[in-house]
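Enquirer: Residues per chain are reported as follows:
Number of protein chains: 2
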Amino acid sequence: MADLIQPRTLKGFRDYPPELMIPRERLLEQARRVYRSYGFAPIDTPALEYTEILLGKGGEESDKIIYRFKDHGDRDVALRFDLTVPFARFAAMYVPKMGTPFKRYHLGPVWRGENTGQGRYREFWQCDFDTIGTTSNAADIEVVLVIHDLMHALEVERFTIHVNNRLVLNGVLEELGLAGKTKAVLIALDKLPKLGRDVVSAEMSEKAALSPEQAEKLLNLAQTQGTNSEILERLTLDFGGNAKAAEGIRRLKELLEATATAGVDPSIVKLDVAIARGLDYYTGTIYETFLADLPGIGSVCSGGRYDNLARQFTKQELPGVGASLGLDRLLTALEELKLLQSAGTPAPVLVLQFSADKLGEYQKMARGLRAAGVGVEVYPEAKKIGAQLQYAEKRGHRFALIAGPDEFAQGVWKIKDLAKREEKTVMDSQVKEQLRALLS
Amino acid sequence: MADLIQPRTLKGFRDYPPELMIPRERLLEQARRVYRSYGFAPIDTPALEYTEILLGKGGEESDKIIYRFKDHGDRDVALRFDLTVPFARFAAMYVPKMGTPFKRYHLGPVWRGENTGQGRYREFWQCDFDTIGTTSNAADIEVVLVIHDLMHALEVERFTIHVNNRLVLNGVLEELGLAGKTKAVLIALDKLPKLGRDVVSAEMSEKAALSPEQAEKLLNLAQTQGTNSEILERLTLDFGGNAKAAEGIRRLKELLEATATAGVDPSIVKLDVAIARGLDYYTGTIYETFLADLPGIGSVCSGGRYDNLARQFTKQELPGVGASLGLDRLLTALEELKLLQSAGTPAPVLVLQFSADKLGEYQKMARGLRAAGVGVEVYPEAKKIGAQLQYAEKRGHRFALIAGPDEFAQGVWKIKDLAKREEKTVMDSQVKEQLRALLS
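Going down the list, the protein sequences come from chains P and S.
For what it's worth, this note's numbering labels the leading residue of the first sequence as 81, then goes sequentially.
For what it's worth, this note's numbering labels the leading residue of the second sequence as 81, then goes sequentially.
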């Protein structure tokens, strides 16, 4: 016999045994269901692309972490590191034929050869949805509704969707003649909560040559506090004179009004001028989603509006707006909030095999239950009943169905509640109804 | 502006636009639902593995087609070329803790750098389900039930599941002292339908040194015809004296009886001694599934029983049985059989945007319908109604909902059937009920 090969996975990669995969599949399914209910259509793209398609689209950092190699035909190929760049390529190829607006979602793994640790993996899933080909605020408003429905579908009750609009900051910078200094300003503003106004004002003066008045205006913007109405009023008063800022304020106001009319509890949507999400990519509405019971975990669904998706691949301008569900972060959160039912099996019922010659009968009962929507496993061997019950407990089945010669003679089945360790005997014809009641 | 990069995919790889992805997702969802209903639990494993894990497990052919490269840490890594080898590694690592029997399904992409053409792609999905850790025939019998339910879930009515058992052939070869000549014998037998008994008999004599009597026995086995009962009778008469063959016959008989008792139409399960599925891997029951209306497309769901899944990785013996759904082949078949409803959108209803200031109202109506399980898209711009209706037709929406100032004043909506080009006006409160009736 040849030597055994040590079974192991690569660093930064992981297996998903059933206990991890069952909640994962449930979450992906809910995301698909909600995205589809809004008319977002699924697409998929290859894991491998020509390297030139992927390079330089996510900045130097992305280029370094790309898994890149020569394929059998000596092509320079690479594994996708996100779903946005493949979508840009896809859009350039298909939108001319499909037309706009185009709404798509894309769920799939991406690969990044970066340092691991702090819950970072080299293979992880992204769950993006976007509407491209329109600048209409209707698409921005819908993003809030989608996130809202997604959280509800996952039975997360306490969450807030923070919204902002980059047009406000951009307008103010433009008005102050600082349009080219966005990056330095954002880096300084980012330190405000920790270091306070004076230090940040000094840094703005030093690093970006801002006057005290310019710094004052920006600090006022960043520190706007209050209810949504109060913030809107404050922003209008301070910056409404600039056309860009005014447009940003108008869009935010319309978003808050339309989501409320549509039926979303207004306390869930929070105007938050402090969120910016990255430096260069987003140009309009910005979204972050926080769990009230786990704010420290960060945003579980984030996104924003951008001016042009596919400028590297086509001359057609494709403005769009979208967001991405943080699958792994959300799973961690749901686990901490005890909103995950973890089991080793997707089937709540195990039919025990008492008499091997009755296998057809066991499967007949199981088939009837499956047709009624109840997942049922049949134990494959006529082992001792105790061993079969142990298996059921280990896997996480909730009920066992038992019938031996006596039961078959009487036309009855025993239903055993595995958590309560109680059993009752019911007529053959009643099993389906009883189990459905017990499971609901 | 920098030069544009030509948007394109690699040879052998493809994008899935909505028209292809919607039916694909539906099929994957049905597969998950059916697998789960039997207690098969989902797992996932990384796309990338240490090359030594994958090498040599699928024969020399597999080794040549593996996508293999050095990662950032100079590790020799490769993309998985099937889901079986990763499952073997997974089982070696987890089964000691999880115990047996272990039932898993795994849906995911695999990569093979082989010649393209004839519908062959370098990236494609596999959809495997297996029960490991038991030799019980109950697991073999269940495979038939799973395939049966899967076909029904996909609304394929006319199909047959062909079953055989390699023990019968192995037993006969053993009895004839030809156990080491399985390969040569199978290669020759494979030519029987085309070249006839005499030629095959001659080849058996020439290539494998079989006597005319030995060849006669094997040819009789391969040409056994008749109803399931007749074939069983014939096999028992001819080969029942050999212990292995007798066990194979017993298991086939039990499988036919138990599936019938469980409620599967017996005419769907066909004993077929001509199927062997590869030379070395399978050791017991073998399955192939043919569509009565498209036999030429080949088997759409195939599998079998094997002796030991993970011998390269562990000393623990893991016998098992399973099958794999041919996703792409089945999609092609369903398309030919017109069982695929193809559309560019998963939402059957489009709410037109007549008045931009009523966006909240449009989304309010849409949210009510979504909560009732109806997919509803809201058009993002207040374009001309004609243009919005054109969009609906292009995407494949079935109904449009329209309300302007007059309708809002009266508390009514227009429902337009886009295929029939008919519209009717209904009360606000009746829209949900009416649409559900129209869609069902």
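For the record, the hints were derived by calculation from the structure and aren't laboratory data.
Ideal Cβ placement from N, Cα and C applies to all residues, glycine included.
Heads up, a few of these hints could be off.
[Claimed, not checked] Calculated cross-link-like contacts (lysine-lysine; reagent style DSS-like; alpha-carbon spacing at most 27 Å):
hint : chain 1 : residue 1 : chain 2 : residue 2
1    : P       : Lys464    : P       : Lys418
2    : S       : Lys464    : P       : Lys418
3    : P       : Lys438    : S       : Lys350
4    : S       : Lys474    : P       : Lys395
5    : P       : Lys350    : S       : Lys463
6    : P       : Lys150    : S       : Lys350
7    : S       : Lys438    : P       : Lys144
8    : S       : Lys463    : P       : Lys177
9    : P       : Lys464    : S       : Lys333
10   : S       : Lys144    : P       : Lys91
11   : S       : Lys324    : P       : Lys438
[To be verified] Incomplete in silico selection of chain P near chain S, CB under 7 Å:
hint : residue
12   : Ser117
13   : Ala219
14   : Ser285
15   : Ala338
16   : Ala342
17   : Ala372
18   : Gln392
19   : Gly455
20   : Asp497
[Unchecked claim] Cβ-Cβ distance ranges computed for the label pairs, FRET-style:
hint : chain 1 : residue 1 : chain 2 : residue 2 : range
21   : P       : Glu296    : S       : Ala489    : 19 to 27 Å
22   : P       : Glu237    : S       : Ala489    : 36 to 44 Å
23   : S       : Lys474    : P       : Phe488    : 29 to 37 Å
24   : S       : Glu337    : P       : Leu84     : 49 to 57 Å
Enquirer: Look at each hint and say if it fits the structure.
Expert: Hints, verified against the model:
For the hint pairing Lys464/P with Lys418/P, the CA-to-CA distance comes to about 35 Å; that exceeds 27 Å, so the pair is violated. For the hint linking Lys464/S to Lys418/P, the alpha-carbon distance of about 49 Å lies beyond 27 Å, and the restraint is violated. Restraint check for Lys438/P and Lys350/S: satisfied, since their Cα atoms lie roughly 22 Å apart, inside the 27 Å limit. Restraint check: the Cα-Cα separation between Lys474/S and Lys395/P comes to about 24 Å, which is no more than 27 Å; the hinted pair holds.
About 30 Å separates the Cα atoms of Lys350/P and Lys463/S, which puts this hinted pair outside 27 Å; it is violated. This hinted pair does not check out: Lys150/P and Lys350/S have alpha carbons roughly 47 Å apart, beyond 27 Å. Between Lys438/S and Lys144/P the CA atoms are separated by roughly 48 Å; this puts the pair beyond 27 Å, and the hint is violated. For the hint linking Lys463/S to Lys177/P, the alpha-carbon distance of about 20 Å falls within 27 Å, and the restraint holds.
Among the hinted pairs, Lys464/P with Lys333/S is consistent with the structure: their alpha-carbon atoms are about 25 Å apart, no more than 27 Å. Between Lys144/S and Lys91/P the alpha-carbon distance is near 25 Å, which keeps this suggested pair within the 27 Å criterion. The straight-line distance between the Cα atoms of Lys324/S and Lys438/P is roughly 24 Å, inside the 27 Å bound, and the hint therefore holds. Because the smallest distance between the Cβ of Ser117/P and any Cβ of chain S comes to about 4 Å, under 7 Å, the interface hint for this residue holds.
Against a cut-off of 7 Å between C-beta atoms, the interface hint on Ala219/P holds, since the closest Cβ of chain S lies about 5 Å away. With a least beta-carbon distance of about 35 Å to chain S, the hint placing Ser285/P at the interface is violated under the 7 Å criterion. Because the beta carbon of Ala338/P sits about 4 Å from the nearest beta carbon in chain S, less than 7 Å, this interface hint is met. The restraint placing Ala342/P at the interface with chain S holds, with a minimum CB-CB distance near 4 Å, inside the 7 Å limit.
Because the smallest distance between the Cβ of Ala372/P and any Cβ of chain S comes to about 22 Å, over 7 Å, the interface hint for this residue is violated. For the restraint placing Gln392/P at the interface with chain S, the shortest Cβ-Cβ distance is roughly 5 Å, inside the 7 Å limit, so the hint holds. At a threshold of 7 Å, the smallest CB-CB gap from Gly455/P to chain S is about 5 Å, leaving the interface hint in force. At about 18 Å, the closest approach between the beta carbon of Asp497/P and any beta carbon in chain S exceeds 7 Å, and the interface hint on this residue is violated.
The beta-carbon spacing between Glu296/P and Ala489/S, approximately 50 Å, falls outside the hinted interval of 19 to 27 Å. Remark: the range hint 36 to 44 Å for Glu237/P to Ala489/S is upheld by a beta-carbon distance near 37 Å. For Lys474/S and Phe488/P, the hinted distance range of 29 to 37 Å is not satisfied, since their beta carbons lie about 59 Å from each other. As the Cβ distance of Glu337/S to Leu84/P is approximately 40 Å, the hint placing it in 49 to 57 Å is violated.
Comparing the model with each numbered hint stated earlier shows that hints 1, 2, 5, 6, 7, 14, 17, 20, 21, 23 and 24 do not hold.
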